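Visitor: Sequence:
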Amino acid sequence: MSNLSWHTRVETPADIEPLRDITRAAFGRELEVDYLDAHRDHPIAWIPGLLFVATTPDDRPIAYALLTRCHVGDVPVLSLGPVAVIPEYQGGGAGGATIRAALAAAQTRSEPAMMVLGHKEYYPRFGFRQATEFGIHHPDYDGPHLMALALGDKTVPAGLLTYPVTA
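Note that our numbering has the sequence shown beginning at 5, numbered continuously upward.
Among these hints, one or two may not hold up.
[As the list claims (entries may be wrong)] Listed below are the simulated DMTMM-like cross-link pairs for lysine to aspartate or glutamate, each with C-alpha atoms no more than 25 Å apart in a straight line:
1) Lys124 with Glu92
2) Lys124 with Asp146
3) Lys158 with Asp146
4) Lys124 with Glu36
5) Lys124 with Glu34
6) Lys124 with Asp144
7) Lys158 with Glu137
8) Lys158 with Asp78
9) Lys158 with Glu115
10) Lys124 with Asp157
11) Lys124 with Glu137
In short, the hints are calculated from the structure, not lab data.
None of these values were measured; they are calculated from a predicted model.
Turn these sequences into a full structure, and let the hints guide you.
Guide: Structure below.
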């Protein structure tokens, strides 16, 4: 189902359970739902106002992108994910719309970079490059699926990537 002008907005408290349902439907298991909940409950990882939702015209959430806190060395950076779309809306641009909303919000902050662990063919369209090109490493995820994006003209830090919440 395609819609070139998805409405995106920051999540509201009423979205919490629907976003859990979207996560379950998109990934087909509870692991990512638990991961989302763990971020929401973590005082360092969770950054209020950085979960972006795409909705149908009647404001029903069908996709979202979450930005949370992680670190490269001692430098705080943003992490993108999960990004989830209800299966019947996948491929229609709703996920991309939430990612673009997240990127726009990230550009207004003082963060130097954003990280994502995801599909190596999908995320480069948003400017992500393999993290090792920046000197960023993770002991479990080094490879083409771990990517980084410089935010604005800031220098991307090099070093070991750590997440306060792990799956």
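Visitor: Holds or violated: Lys124 with Glu34, Cα cutoff 25 Å?
Guide: 24 Å, holds
Visitor: Compare the distance between the alpha carbons of Lys124 and Asp144 with 25 Å, and conclude whether the hinted pair is satisfied.
Guide: 16 Å, holds
Visitor: Going straight from one Cα to the other, do Lys124 and Asp157 come out at no more than 25 Å?
Guide: 24 Å, holds
Visitor: Given the proposed pairing of Lys158 with Asp146, does the C-alpha separation stay at or below 25 Å?
Guide: Roughly 23 Å separates the two Cα atoms, so the pair holds.
Visitor: Is it true that the CA of Lys124 sits at most 25 Å from the CA of Glu92?
Guide: Measuring from Cα to Cα gives roughly 22 Å; hence the hint holds.
Visitor: Under the criterion that the straight-line Cα-Cα distance not exceed 25 Å, is the pair Lys158, Asp78 satisfied?
Guide: At roughly 16 Å apart (the allowed maximum being 25 Å), Asp78 and Lys158 satisfy the hint.
Visitor: Check the hint pairing Lys158 with Glu137 against an upper bound of 25 Å on the C-alpha distance.
Guide: 16 Å, holds
Visitor: Can the restraint linking Lys158 and Glu115 be considered satisfied, given a maximum Cα separation of 25 Å?
Guide: 8 Å, holds
Visitor: Is the straight-line distance between the alpha-carbon of Lys124 and that of Glu36 25 Å or less?
Guide: It holds: about 19 Å lies between the C-alpha atoms, which stays within 25 Å.
Visitor: Check the hint pairing Lys124 with Glu137 against an upper bound of 25 Å on the C-alpha distance.
Guide: 14 Å, holds
Visitor: Are the Cα atoms of Lys124 and Asp146 separated by 25 Å or less?
Guide: 12 Å, holds
The structure shown violates none of the earlier numbered hints.
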